[in-house]
Structure formats: structure tokens, C-alpha cells
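Using the sequences and the accompanying hints, generate a full structural model.
Just so you know, the sequences run in chain order A and B.
For what it's worth, this note's numbering labels the leading residue of the first sequence as 1, then goes sequentially.
For what it's worth, this note's numbering labels the leading residue of the second sequence as 1, then goes sequentially.
Simulated from the structure, these hints should not be mistaken for lab results.
Here a beta-carbon is modelled for each residue, glycine too, at the ideal position from N, C-alpha and C.
Accuracy of the hints is not assured; some may be wrong.
Here are the in silico distance ranges between beta carbons for each label pair [what the hints assert, rightly or not]:
| id | chain 1 | residue 1 | chain 2 | residue 2 | range |
| --- | --- | --- | --- | --- | --- |
| 1 | A | Trp103 | B | Ile172 | 34 to 44 angstroms |
| 2 | B | Ile207 | A | Thr238 | 23 to 33 angstroms |
| 3 | B | Asp214 | A | Thr389 | 42 to 52 angstroms |
| 4 | B | Ile222 | A | Thr238 | 18 to 28 angstroms |
| 5 | B | Phe251 | A | Ser554 | 24 to 34 angstroms |
| 6 | B | Ser204 | A | Ser79 | 18 to 28 angstroms |
| 7 | B | Leu226 | A | Tyr494 | 42 to 52 angstroms |
| 8 | A | Glu299 | B | Phe117 | 47 to 57 angstroms |
| 9 | B | Gly85 | A | Ser79 | 35 to 45 angstroms |
| 10 | A | Lys100 | B | Ser204 | 19 to 29 angstroms |
| 11 | B | Ile221 | A | Lys558 | 31 to 41 angstroms |
| 12 | B | Ser204 | A | Ile319 | 15 to 25 angstroms |
| 13 | B | Leu226 | A | Pro209 | 34 to 44 angstroms |
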Amino acid sequence: MKMKKFIALGMAGMLSAATLVGCDNGNTGVVTPVDGEEVGGGEDVSGGEADGSGNLVTTTEYADDEIVDFTMFAAMPGSEINDGNDIQEIIAKKTGVRVKETWLTGQTAAEAVGSILASGDLPDFIDGGDGMKELYEADTLVAWDPYLEKYPNLKEMFSDYEWDMFRQDDGKIYWANVFNNTYGESKATGHNDEAFWIQVRVLEWAGYPEIKTMDEYFDLLEKYYAENKSFQDAEGNTINIIPYTILCDDWRYFCLENAPQFLDGYPNDGSVIVDPKTMKIVDYNTTPTAKVYFSKLNEEYNKGIVDKEFATQTYDEYIAKLSTGAVLGMVDQNWDFNYTITPIFATSGLADLGCEYVPLGLTVEGVTEQRWHTYGDTVNQSSGCAVTTSCEDPDRAFQFLNDILNQDIHDLRFWGVEGVDYLVDEDGMFYRTQEMRDKLNDTGYKASHVCNYSYMPQWLGTSKDGKNAMQPAEQASEFYAGLSEPLSNCFKAYNAGGYPDMIGSVEDDINATHPWFPMWSWSNELNNDTAGGVAWGKMGETKHKWLPKVVMASDFEKEWSSYMDAYNACKPEDFLNEAQEVLDGRMEAYEASK
Amino acid sequence: MAYEDQFVNSGAAGETEYNSQAEVNEAEATADAYVVENYAKEAYEHKSSLNDEQIKQLSKKRISKGELKRQSVLLIIGAIFVLYGILFYYLPLAGWIMAFQNFKLKTGLLHSKFVGFDKFKFMFEFDTFEYALETSGNIFSAFKTWINNVVFVRTIRNTIGMGALNLVTTFIMAIVFAILLNEVKNKLGKRLVQTISYLPHFLSWIIVCGIIHDSLSSTGIINDVLRFFHIVDDSYNFFAHPAWFWPIVAFSNVWKETGWNAIIYLAAITAIDPSLYEAAEIDGAGRWGKIRYITLPSISPTIVILLVMNIGFLLNAGFEVQYLLGNGLVQDVSQTIDIYVLNWGVGQTDYSLGTAAGIFKSVVAILLIVISNSVVKKLGQESLF
Chain A
1 MKMKKFIALG MAGMLSAATL VGCDNGNTGV VTPVDGEEVG GGEDVSGGEA
51 DGSGNLVTTT EYADDEIVDF TMFAAMPGSE INDGNDIQEI IAKKTGVRVK
101 ETWLTGQTAA EAVGSILASG DLPDFIDGGD GMKELYEADT LVAWDPYLEK
151 YPNLKEMFSD YEWDMFRQDD GKIYWANVFN NTYGESKATG HNDEAFWIQV
201 RVLEWAGYPE IKTMDEYFDL LEKYYAENKS FQDAEGNTIN IIPYTILCDD
251 WRYFCLENAP QFLDGYPNDG SVIVDPKTMK IVDYNTTPTA KVYFSKLNEE
301 YNKGIVDKEF ATQTYDEYIA KLSTGAVLGM VDQNWDFNYT ITPIFATSGL
351 ADLGCEYVPL GLTVEGVTEQ RWHTYGDTVN QSSGCAVTTS CEDPDRAFQF
401 LNDILNQDIH DLRFWGVEGV DYLVDEDGMF YRTQEMRDKL NDTGYKASHV
451 CNYSYMPQWL GTSKDGKNAM QPAEQASEFY AGLSEPLSNC FKAYNAGGYP
501 DMIGSVEDDI NATHPWFPMW SWSNELNNDT AGGVAWGKMG ETKHKWLPKV
551 VMASDFEKEW SSYMDAYNAC KPEDFLNEAQ EVLDGRMEAY EASK
Chain B
1 MAYEDQFVNS GAAGETEYNS QAEVNEAEAT ADAYVVENYA KEAYEHKSSL
51 NDEQIKQLSK KRISKGELKR QSVLLIIGAI FVLYGILFYY LPLAGWIMAF
101 QNFKLKTGLL HSKFVGFDKF KFMFEFDTFE YALETSGNIF SAFKTWINNV
151 VFVRTIRNTI GMGALNLVTT FIMAIVFAIL LNEVKNKLGK RLVQTISYLP
201 HFLSWIIVCG IIHDSLSSTG IINDVLRFFH IVDDSYNFFA HPAWFWPIVA
251 FSNVWKETGW NAIIYLAAIT AIDPSLYEAA EIDGAGRWGK IRYITLPSIS
301 PTIVILLVMN IGFLLNAGFE VQYLLGNGLV QDVSQTIDIY VLNWGVGQTD
351 YSLGTAAGIF KSVVAILLIV ISNSVVKKLG QESLF
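Put into C-alpha cells, the structure is as follows:
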């Protein structure tokens with residue numbers, strides 16, 4: 001007995017010692033140099049610049065005991081940063097606020113918000129995603145209106161018309177969407193939306209052909225796969241190639257479900273197509289294009305081009321497959337995979353083998369214009385960053401949201417610490433060395449050093465210094481310098497300046513041509529209260545089951561007609577009629593505002 | 001049999017004895033506390049022929065002031081538990097009112113609109129059933145249409161189906177495992193096997209499901225083995241076929257819980273008097289005979305009690321396993337009531353609907369436990385209540 005106790009104690013001791021050691025390494029190693037000198041440097045430069053352009057400067061330094069700790073929940077999967085993160089501490093000293101962010105784990109946004117509301121345990125800041133309406137209805141949010149007048153950086157985020165879009169039925173603003181907001185001139189080089197993605201090496205192998213239709217796309221995959229069944233990765237492992245996979249895990253089944261709207265040339269309204277000529281709602285689940293699309297997938301599945309396991313893979317398994325470089329192509333949103341995959345490819349050497357993905361803007365035969373890439377800021381008024389009623393000092397919270405838009409803090413968030421994460425050349429342009437880039441691709445370093453506050457107010461576009469990009473990903477020099485060789489060859493071959501050029505969508509500002517856009521900001525908020533909401537829920541359940549079945553069918557026509565029967569039993573017309581009402585309402589409001 | 005006879009005899013003897021004593025008691029107006037207490041106890045234990053009123057009188061007398069004082073500590077402890085029960089089991093039931101309202105967080109429990117049984121109607125879609133009955137005239141085919149078309153009814157079928165399958169498999173496996181383990185003569189081996197076998201119980205479902213998902217995937221060990229023996233040419237996708245889902249869930253449960261559930265049976269087996277085995281051996285019973293005639297009958301009270309308790313949990317067929325292993329293709333057989341509550345209650349912020357589904361589940365669970373208990377009682381086995 002004594003012996004056992006002794007061993008148990010010993011084990012416990014060793015474990016705790018191990019954790020302690022772990023912490024030490026994580027923190028002190030990185031903090032010291034930053035705390036020592038770089039903080040001061042960063043402050044001087046940004047302070048000077050900010051003065052020049054007439055902006056608020058963050059000058060006060062808060063002592064440790066004055067710093068307030070807030071919490072934030074974002075209903076999106078993300079990675080938590082370490083306690084005592086370098087840049088988080090610097091921002092805390094400058095603004096007097098430290099925010100602990102937590103993320104969605106294994107639930108959907110609506111479920112997470114539902115359980116937060118049910119428990120009554122609210123964070124200070126929240127971005128509830130699809131669940132914002134519920135948060136508002138539960139009276140858990142603090143209105144922005146009084147603070148908008150007080151804090152100019154916040155007010156500046158949107159025009160009055162755009163702010164009005166955020167107003168709820170009581171006439172007040174409770175949240176602001178932090179994404180897709182361009183300051184000054186746009187510097188966008190990325191495509192953050194949906195596309196048919198394809199590995200660069202496939203295009204290179206075929207001599208960079210023009211791929212415009214789904215048929216051409218699958219032709220190319222077939223040909224490439226016929227000659228390349230497997231490849232050797234950088235470590236010499238043989239990887240079997242999967243030509244095409246489809247993610248349809250839970251809410252991420254949009255990768256399977258919504259391509260028909262794009263193939264017909266419409267933008268991502270998400271839940272329906274809006275015909276701009278007649279201003280009528282069209283259901284993209286039942287269009288001829290939808291049938292063409294699914295029958296093509298079915299054909300490719302039976303040929304063995306589509307991943308046999310696509311219907312049962314989880315998101316994690318999907319990401320695992322992509323990270324080996326095995327998958328040649330798929331439909332997905334950039335944000336759903338590329339933020340994870342790009343750093344992995346960069347460190348594993350797969351980027352140099354041409355495994356990185358480029359987006360293609362495909363259509364069905366006969367459609368010439370497409371809108372896979374959305375030009376112009378889309379204001380998603382359905383969700384955003386909010387302050388909750390359980391925040392004890394809302395004024396401090398709003399002041400913080402205002403402060404982190406100050407250019408110096410904004411630079412800290414996205415560029416990092418000058419001298420450590422980026423350098424400034426004689427023209428005042430920010431740049432990074434390859435060593436810095438590599439370091440910032442390292443997840444461990446990122447967790448201990450970088451603090452984006454990525455779901456709080458932020459800008460895209462041009463920095464207030466008038467030269468640099470607000471976010472490094474949009475800095476032209478950074479974009480090109482960061483490209484792997486196969487990728488930059490590909491861009492050169494297609495004469496493309498960036499990802500949007502690869503897709504080649506119509507370059508109209510979406511706000512000018514599609515004032516109702518996007519319809520998904522409405523359908524994401526649906527619930528059981530209306531017949532349309534119930535229909536929407538049932539349609540989702542039905543499609544979850546039938547779409548994979550249709551793709552895997554041995555007799556497509558028969559399966560498709562069974563699917564259509566099941567689909568029509570959900571009363572999609574209830575949903576479509578409501579959509580039409582909403583569209584009409586939005587157009588009326590738009591006409592009125594002109 | 002012998003035991004029962006004995007019981008009946010002693011009972012009969014007891015009855016006559018108490019009858020005479022009761023008469024004496026009636027005659028003596030001032031019976032002392034000890035005797036009264038004894039009567040009540042014996043009356044309770046042996047179902048004496050005292051009528052209800054007599055018992056009532058006897059037990060009434062028990063609570064004297066002195067008695068209260070003597071038992072004050074026990075009373076306080078008892079009161080704490082009663083209070084706990086009221087606070088955490090009965091008061092929350094007030095929330096059930098939600099099921100009959102169109103509950104909105106903004107209006108709260110007190111001001112939300114009452115909608116009667118609307119939420120239940122929404123779940124069950126009785127009109128689908130009625131319509132099917134009218135058109136087909138056959139109650140079975142109507143049931144079939146109902147299950148095929150109404151999500152909630154389907155989740156009930158899945159819950160009960162998977163619950164029953166899990167119950168039967170885990171239950172039988174645990175007993176078989178306990179008996180087999182008991183037959184192992186090597187003490188060290190026995191300990192080792194027992195310890196290892198209950199370790200999976202401490203793994204969380206997310207880990208177990210990860211292991212199951214990996215081993216059944218196209219590159220997993222099961223498919224590797226199947227391919228190696230040329231049973232299949234191309235890997236078989238277990239999770240794409242609805243027919244495989246229930247067995248996979250049952251297997252996961254068996255793998256995770258067998259060792260843990262066997263502990264209680266092992267304990268029951270150790271309590272068996274070794275002389276019984278010796279006697280059986282003298283009578284010529286072999287290993288099999290000893291299991292059949294000594295071990296199984298001796299642990300049968302334990303088996304029955306656990307069975308009744310587990311039937312109460314039948315509707316808790318699970319949430320995690322089905323949620324983690326399920327996908328669109330098998331959703332018709334994978335979704336349980338709990339998943340329905342998550343998707344349609346919490347997910348659509350229709351808490352009323354979630355509560356209604358929860359009430360339905362509780363009511364069915366109570367019914368199941370009462371029915372199974374009375375069946376067991378009828379069969380003359382030990383019962384829960």
C-alpha cells in the first residue's frame with residue numbers, strides 16, 4: 001500500500017513538474033527580448049505616423065493592476081492563444097484591457113449560442129454567428145448607439161446607410177460585422193470565398209490550360225489521375241492520390257450543396273438565387289443546372305474520381321487528407337481550409353511540389369459571366385462583434401473596441417512588433433524577411449506571440465499611413481514574396497495578379513448591382529417560428545441525407561426523382577415565399593434610401 | 001425452491017405468533033416502546049395479519065417526543081436529502097411548463113404565450129399518421145409511413161432500437177465476461193484481464209468514437225484485414241450503410257462498458273458461499289454444472305435488479321456515439337431523441353420543442369420502469385419497489 005502511494009505521489013510530482021517546465025519554456029523564452037526593446041520601438045514609429053495623419057494616438061501606459069480582463073466568445077472554430085501572449089500583453093498595457101478569447105468546439109454556432117443563453121453564462125464580448133438574433137431577443141446585448149458618437153474609430157467603420165442595416169426592430173444597433181470592410185483603396189489579392197480549387201501541379205502538368213466548365217475541370221482531373229496514381233512527398237512517403245473529394249460534414253455540407261448557384265453565374269446569395277432581371281427568387285436545388293452538377297458528380301463517383309469516403313468523412317479527416325497533398329481538387333470556401341492548409345504545406349515542403357490550391361471560376365455550358373468572387377464589401381448585418389449585458393463596464397469595452405482600431409494597435413494586431421515580425425524600408429513600406437515569415441507560420445510561435453483579436457473590429461485595404469496594407473496578406477510585396485515557386489509560375493502563366501484574377505469573376509461592385517445581397521444573412525437567422533423556417537430546417541435535413549446518396553447512386557435518374565419527392569415533401573415553397581417577401585422588403589428599403 | 005418453502009413456513013409461524021401477541025397487546029393499554037417498535041417492524045417484514053388500521057395505530061405511537069430527540073441527527077440528515085430532492089429534482093419540473101408555451105427568452109417563463117399541445121403536435125405530426133391510416137386502412141403500413149416521414153417518430157424508433165440492442169448486448173456480455181473471468185484460476189492473469197478490460201470505461205466517447213471511426217475507415221485496420229484475406233477487393237465503407245450503424249454503436253458500447261459492468265457481477269460471484277460449490281462437486285457437477293446450478297442462480301437477484309434499472313435507461317440510448325459517428329447517409333437510423341432536441345430544440349432556439357421532447361422521454365422512461373418492475377414482481381423475483 002505504502003509503495004503504491006509513493007509511486008502515485010512520484011508520478012503526480014513528475015507530471016506537475018513537466019507542466020511547469022513546459023510553461024516556462026513557452027513564456028520566458030520569447031517574452032524577454034520583446035518586452036525589453038521592441039515595444040518602445042514599435043510605439044515610436046506608429047505614434048509618429050499616426051500624428052501625421054491626424055489620428056488618435058495611444059500614449060498612456062496602464063499598470064498591471066489597472067488592466068481589466070474581459071472574455072470573448074466567437075461562434076467560429078479558432079485556436080486559443082496562450083495566456084501571457086506577447087502582443088496581447090503589449091496591447092493590454094496600451095489599452096488597459098486584456099481579452100481572453102474562446103472559440104467554438106465541436107458544435108454549431110446556433111447550438112453554442114443556445115447553450116450559452118440557456119446557462120446564462122455570458123462572456124463580455126460575443127460574436128454569435130448565426131445566433132445573433134437569439135442573443136438580441138434575449139436582451140443580452142448592449143446597444144452601440146450612445147458609444148458610436150463617443151468613439152470616432154467605431155463610427156468610421158460604416159456609412160450611415162450601412163449602420164442602418166444593423167438596426168434591429170427596436171431601432172438600435174447591437175453589433176457590427178468586423179469583416180470585409182475596406183479602408184481607403186482595396187489591396188485585395190486573396191479570394192476568401194468559394195471556388196472549385198485545384199492543385200497547381202495539375203495545371204502545370206497540363207500546360208496551364210483554360211478551364212472554364214465543370215466538364216473541362218473533371219476531364220483534367222481524370223487525365224492527370226490516369227498517369228499519376230500516387231506521388232512521393234518531401235519526406236519520401238508514397239501518397240495515394242484522391243482526385244476529388246467533397247466535404248459534407250454537418251453544416252459544412254455547403255461544399256456539396258450550393259455550387260449550382262455559382263455554376264449558373266449567380267453570386268453567393270447562399271440559400272437561394274435572385275434573378276436580377278425579374279427580381280424573383282429561384283430555388284437552386286431544383287434548377288436544370290443542379291441536376292447537371294449532381295449527375296456529373298455521380299458520373300465521376302462511379303468512375304472512381306470522387307473520393308469513395310466523401311460522405312462519411314468528418315471535417316478533421318478532410319483536413320488531414322488535404323494536408324497530405326493527396327487531394328487534387330474540391331469545392332470549398334477559402335476560409336474553411338486554406339488558413340490551415342497553407343502553413344502546413346509551407347512547412348512540409350508540399351508547397352514546393354505544387355500541392356497548393358488555386359481557385360477556378362467554373363460554370364455550366366452556355367453561361368459566360370460568373371460571380372464566384374465578390375467584388376466590393378458585403379455588409380453581413382446578420383452577425384458581428386457585440387458587447388453583452390454581463391460586461392460590468394461597457395464603456396471600457398467600447399473604448400477598447402475603439403482603441404484597437406488605432407493604427408498603431410491595428411499594426412500590432414496584424415503586422416506584429418516592428419523589428420521582430422516586420423521591418424520598415426526607407427520608403428516606409430513594411431516588409432518581412434523569409435525567416436520572419438517562417439516563424440509566423442509556426443503554430444506554436446503564433447500561439448505565444450501573435451494576437452489578432454480576429455473577431456473584433458478591423459480594417460482591410462490601405463493603412464492610415466496611405467502606403468501599406470492594413471493586413472499583411474494584402475501587402476503586394478508580401479503576397480508575391482510569400483508565394484511558392486509553382487504558385488507564382490502559375491500566376492505568371494495565367495497572367496494573374498492574384499487569386500481573384502485566377503477566377504475571373506465579373507468585376508462589378510456587388511453593392512451597386514445587387515443591393516439586396518446576400519440573402520443568406522436572412523436565411524441564417526430562420527427558426528421554427530415561421531413556416532418558412534420549419535421548411536428550411538427540413539430541407540436541410542433532407543439534403544443532408546439525399547445529396548450524398550444521389551452522388552453515390554448506381555441509377556442516378558431513379559435516385560434523383562426519389563430525392564425530388566423527398567425534397568418537395570418539405571414544402572420548400574413556404575421557404576421561397578418568405579424569401580421573396582424579404583427580398584421585396586430589402587429592395588423597398590433600398591429604393592427609399594436612394 | 002427450498003428457500004421459498006422455508007420462507008413460507010416461517011412466515012406462517014410468525015403470523016400466528018404475532019396474532020396472539022397482538023391480542024395481548026390490545027389488552028395491555030400501556031405497552032412499552034420497545035414492544036411496539038418490534039411489532040411494527042415484524043408486521044412490515046412478514047406481512048402479518050394485522051389489519052391496516054392496527055398497523056397505523058402501532059406506527060403512530062412510535063413517534064414520541066423522546067423518540068424524536070433520540071433520532072434528531074438522523075432526522076436532520078434525512079431532511080437535508082429531502083430538501084435536496086425538492087430543490088434539484090422537483091422544483092426544476094416547473095420548467096416543464098415551457099413545453100406548453102411558445103417560449104421566448106425575451107418574454108421568459110412567465111409571459112410567453114401558451115400554445116397547449118402545439119409543440120407535441122408539431123413533433124408527432126399525428127395528421128400524417130391519420131392520413132396514412134385513412135388512405136391505406138392498415139395500421140401497420142400507416143405506422144411505417146409515419147416512421148418514414150416524421151423525424152421525431154423516427155428518432156423514437158432509433159432510440160428504442162439502439163437502446164434495446166445496447167442493453168441486450170452489454171448486459172449479456174457483462175454477465176458472460178464475469179462468469180468466464182471467475183473461472184480463470186491464475187490470480188495474476190485474472191487481475192490483469194479485469195483491469196485492462198475496464199480501462200476503456202474511463203475513455204471519453206469522443207476518443208472511443210475516434211478510434212472506431214479510424215479503424216473502420218478505408219485505410220483502417222478492419223479494411224486492411226478484409227483486403228488481406230481478399231474478402232473485399234476495394235475497401236468497404238461501413239459508415240455509408242444504414243444497416244451497419246446500430247451494430248457499430250452496440251459494439252462500441254460493448255467494448256467500452258463490458259469490463260466495467262462486469263465488476264458488480266464479479267462482486268456478487270465472490271459473495272457466493274464456497275460450500276455450495278463443494279456440495280455441487282460432491283454431487284458430481286462439473287464446471288458447466290456449477291455455473292448452471294450455483295453461480296447463475298446465486299447472482300440472479302443482482303441480474304434482475306440491474307435489468308430493471310437499465311430498462312429505465314433504455315431511452316438514454318446515447319447522444320455522443322450517434323452524434324459523432326453519424327452522417328447524412330445514415331441519419332435516418334442514427335438520430336436519437338437527444339439529437340433531435342439538439343437540432344430542432346437548441347439549434348432552432350425552440351426551447352419549448354426541446355422541453356416537450358424531454359417530457360416525452362421522461363414519461364416513457366417512467367412507464368418502462370414501472371412495467372418492467374411489476375413484471376419482475378409477478379415472476380417472483382426481487383424488485384426495485
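Now the hints, each set against the structure:
1. A:Trp103 x B:Ile172: 34 to 44 angstroms: For A:Trp103 and B:Ile172 the Cβ distance comes to about 43 angstroms; the hint holds.
2. B:Ile207 x A:Thr238: 23 to 33 angstroms: Check passed, 29 angstroms falls within 23 to 33 angstroms.
3. B:Asp214 x A:Thr389: 42 to 52 angstroms: 44 angstroms, holds
4. B:Ile222 x A:Thr238: 18 to 28 angstroms: 22 angstroms, holds
5. B:Phe251 x A:Ser554: 24 to 34 angstroms: Since B:Phe251 and A:Ser554 have Cβ atoms about 28 angstroms apart, the given range 24 to 34 angstroms holds.
6. B:Ser204 x A:Ser79: 18 to 28 angstroms: 21 angstroms, holds
7. B:Leu226 x A:Tyr494: 42 to 52 angstroms: Check passed, 45 angstroms falls within 42 to 52 angstroms.
8. A:Glu299 x B:Phe117: 47 to 57 angstroms: 49 angstroms, holds
9. B:Gly85 x A:Ser79: 35 to 45 angstroms: 44 angstroms, holds
10. A:Lys100 x B:Ser204: 19 to 29 angstroms: Cβ of A:Lys100 to Cβ of B:Ser204: about 25 angstroms, so the range 19 to 29 angstroms holds.
11. B:Ile221 x A:Lys558: 31 to 41 angstroms: Between B:Ile221 and A:Lys558, where Cβ atoms are some 36 angstroms apart, the hint holds.
12. B:Ser204 x A:Ile319: 15 to 25 angstroms: 21 angstroms, holds
13. B:Leu226 x A:Pro209: 34 to 44 angstroms: About 40 angstroms separates the Cβ atoms of B:Leu226 and A:Pro209, which means 34 to 44 angstroms holds.
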